[in-house]
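Asker: This is what each chain is made of:
There are 2 protein chains.
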Amino acid sequence: MDFMKPETVLDLNNIRQALVRMEDTIVFDLIERSQFFLSPSVYSQSKFQLGDFKGLFLEWLLLQVEQTHSQVRRYEAPDETPFFPQQLKPSILPPLKYPKILANYSDEINVNQEILNFYVQQIVPQVSCNDAEQEENSGSVACCDVECLQALLRRIHFGKFVAEAKYQADPILYKQLIENRDIKGIEESITNSAVESKILERLVVKGESYGTDPTLKYSQNPQSKVDPKLIARLYKDYVIPLTKKVEVDYLLRRLEDE
Amino acid sequence: MDFMKPETVLDLNNIRQALVRMEDTIVFDLIERSQFFLSPSVYSQSKFQLGDFKGLFLEWLLLQVEQTHSQVRRYEAPDETPFFPQQLKPSILPPLKYPKILANYSDEINVNQEILNFYVQQIVPQVSCNDAEQEENSGSVACCDVECLQALLRRIHFGKFVAEAKYQADPILYKQLIENRDIKGIEESITNSAVESKILERLVVKGESYGTDPTLKYSQNPQSKVDPKLIARLYKDYVIPLTKKVEVDYLLRRLEDE
Numbered sequence: 001m002d003f004m005k006p007e008t009v010l011d012l013n014n015i016r017q018a019l020v021r022m023e024d025t026i027v028f029d030l031i032e033r034s035q036f037f038l039s040p041s042v043y044s045q046s047k048f049q050l051g052d053f054k055g056l057f058l059e060w061l062l063l064q065v066e067q068t069h070s071q072v073r074r075y076e077a078p079d080e081t082p083f084f085p086q087q088l089k090p091s092i093l094p095p096l097k098y099p100k101i102l103a104n105y106s107d108e109i110n111v112n113q114e115i116l117n118f119y120v121q122q123i124v125p126q127v128s129c130n131d132a133e134q135e136e137n138s139g140s141v142a143c144c145d146v147e148c149l150q151a152l153l154r155r156i157h158f159g160k161f162v163a164e165a166k167y168q169a170d171p172i173l174y175k176q177l178i179e180n181r182d183i184k185g186i187e188e189s190i191t192n193s194a195v196e197s198k199i200l201e202r203l204v205v206k207g208e209s210y211g212t213d214p215t216l217k218y219s220q221n222p223q224s225k226v227d228p229k230l231i232a233r234l235y236k237d238y239v240i241p242l243t244k245k246v247e248v249d250y251l252l253r254r255l256e257d258e
Numbered sequence: 001m002d003f004m005k006p007e008t009v010l011d012l013n014n015i016r017q018a019l020v021r022m023e024d025t026i027v028f029d030l031i032e033r034s035q036f037f038l039s040p041s042v043y044s045q046s047k048f049q050l051g052d053f054k055g056l057f058l059e060w061l062l063l064q065v066e067q068t069h070s071q072v073r074r075y076e077a078p079d080e081t082p083f084f085p086q087q088l089k090p091s092i093l094p095p096l097k098y099p100k101i102l103a104n105y106s107d108e109i110n111v112n113q114e115i116l117n118f119y120v121q122q123i124v125p126q127v128s129c130n131d132a133e134q135e136e137n138s139g140s141v142a143c144c145d146v147e148c149l150q151a152l153l154r155r156i157h158f159g160k161f162v163a164e165a166k167y168q169a170d171p172i173l174y175k176q177l178i179e180n181r182d183i184k185g186i187e188e189s190i191t192n193s194a195v196e197s198k199i200l201e202r203l204v205v206k207g208e209s210y211g212t213d214p215t216l217k218y219s220q221n222p223q224s225k226v227d228p229k230l231i232a233r234l235y236k237d238y239v240i241p242l243t244k245k246v247e248v249d250y251l252l253r254r255l256e257d258e
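Taken in order, these protein sequences are the chains called L and C. Each residue of the first sequence is one higher than the one before, starting from 1 at the first, in the working numbering. Each residue of the second sequence is one higher than the one before, starting from 1 at the first, in the working numbering.
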């Protein structure tokens, strides 16, 4: 995606290609997470001494990483949505002048908390290789979780580009739907069931292909590191619905930007 | 690897399994890097304002990441080798009591600078998708490079466990080789050409399998995101020789620890 060229970013084919590529990153990150135990202390507010910080140990680490990444300009990019926008640091890189692509309020649309919740409650218990604590890996687990979360955040909030592209393709239809607060109508207009089925099928194949040592595939019949059906199910139950929520939330306010 | 149980860590079969698993991480990370342009400014000392810091922009980011990761105890683990051991921060996690596995001097054995050099000079130009600058991705590129470097550092310095396991399996042989400063003899004793060939073959298959969208494999004959032969060549020319250097350097001092 070249955010310097809005016309390429709002081309639905390019968006779809970017979303397909992000699947690889998410599958890779889940495979990495599957090396570790569940490690409940990572998701505890009180297990470690976090000073004044109120939140999970994972959130504490996320804040540190966001602060570092803000120094290299991560959160200036229109496809990034920080958890801690108030606590970012100034960038050491010179500011970029991105052309306007999304509506001005777009930073206010986020489902970060929902993503954190389903990640911790649904993904972690199903992906980790054992549901016990493994004290010495708390740091590694949290680092790995940060990667997974960042990939999911980016994927799900990419819905904003889908929404903007759809709006621009048919502003008359959307103006009407928005003025009528027709959420069901908006949802229908942004849903493409054929594309969704294809995503789920592709995820199963990617989970198998990326999660299995290919040199063992025929000899020892090894299992994939992460159950490929699980990855598809997580998309079906969380990633796709939350992406739609982002799209609907974004579109409902779209007339503010006219 | 369970560093709390030295007997499992020094079992050569377990070490080999861990090394095979690390190949996946390295291949994943290189695939991620292949999304980006070369971006020479990431490897410049003077392009960005880094304050008092003397080094590449990439090294500056590496320092920030190491400082964060030191706070979650990363560099207490015997398989981690920081670039900036003098500038780490205290951990917020309680200290761990790892049993002794490696010799006391093992932290002094490192080939970090050699790894950084071959990464920047050899891997980056061959893996990146275009040899130009792409200003707005400098931060993303550097973040991705940090992941690649950390995976390579861990892989290559894992040679210390190989060396220790080999030493313990035949201390009489090694004492003699070490006393004679017989570097060639040590190299021969730690080299298993059959295992090395297998690694290279496996990397080609992993590069193809993890780097190609499996749903496109038969329909459109797509190329792998990273040339699989390139990954094998990087192992042959750099990863394996540097691992051996770590093993030899470690073994040459091994009698200090008796």
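Treat each hint with caution, since some may be false.
Unchecked claim - Listed below are the simulated DSSO-like cross-link pairs for lysine-lysine, each with C-alpha atoms no more than 27 Å apart in a straight line:
1) C/47 / L/89
2) C/184 / C/245
3) C/244 / C/5
4) C/244 / C/100
5) C/5 / L/47
6) L/89 / L/54
7) L/47 / C/198
8) C/89 / L/47
9) L/54 / C/89
10) C/54 / C/97
11) C/175 / C/100
12) C/54 / L/89
13) L/245 / L/198
14) L/5 / C/236
15) C/244 / C/175
16) L/97 / C/245
17) C/100 / C/236
18) L/100 / L/89
19) L/89 / C/89
20) C/184 / C/236
21) C/97 / C/5
22) L/244 / L/229
23) C/5 / C/175
24) L/5 / L/175
25) C/198 / C/245
If you are wondering where the hints come from, they were derived from the structure by calculation, not from laboratory data.
Asker: None of the hints should be skipped; say for each whether it holds.
Answerer: We went through each hint and held it up to the structure:
1. C/47 / L/89: 20 Å, holds
2. C/184 / C/245: 11 Å, holds
3. C/244 / C/5: Holds: residue 244 of chain C and residue 5 of chain C sit about 25 Å apart, inside 27 Å.
4. C/244 / C/100: 22 Å, holds
5. C/5 / L/47: Distance of about 24 Å is within 27 Å: holds.
6. L/89 / L/54: OK: residue 89 of chain L and residue 54 of chain L at ~19 Å, within 27 Å.
7. L/47 / C/198: Measuring from Cα to Cα gives roughly 44 Å; hence the hint is violated.
8. C/89 / L/47: 20 Å, holds
9. L/54 / C/89: 21 Å, holds
10. C/54 / C/97: Not OK: residue 54 of chain C and residue 97 of chain C at ~35 Å, beyond 27 Å, violated.
11. C/175 / C/100: 20 Å, holds
12. C/54 / L/89: 21 Å, holds
13. L/245 / L/198: Satisfied, since the Cα-Cα distance of roughly 20 Å is no more than 27 Å.
14. L/5 / C/236: Since the Cα atoms of residue 5 of chain L and residue 236 of chain C sit roughly 40 Å apart, the hinted pair is violated (cutoff 27 Å).
15. C/244 / C/175: Holds. Residue 244 of chain C to residue 175 of chain C sits at ~18 Å (cutoff 27 Å).
16. L/97 / C/245: Status violated; Cα separation ~47 Å.
17. C/100 / C/236: Status violated; Cα separation ~31 Å.
18. L/100 / L/89: Holds. Residue 100 of chain L to residue 89 of chain L sits at ~23 Å (cutoff 27 Å).
19. L/89 / C/89: 19 Å, holds
20. C/184 / C/236: Within the cut-off at roughly 19 Å; holds.
21. C/97 / C/5: 12 Å, holds
22. L/244 / L/229: Distance ~21 Å between residue 244 of chain L and residue 229 of chain L Cα, so the pair holds.
23. C/5 / C/175: Holds: residue 5 of chain C and residue 175 of chain C sit about 25 Å apart, inside 27 Å.
24. L/5 / L/175: 25 Å, holds
25. C/198 / C/245: Judged against 27 Å, a Cα distance of about 20 Å means the pair holds.
Checked against the numbered hints listed earlier, the structure breaks hints 7, 10, 14, 16 and 17; every other hint is satisfied.
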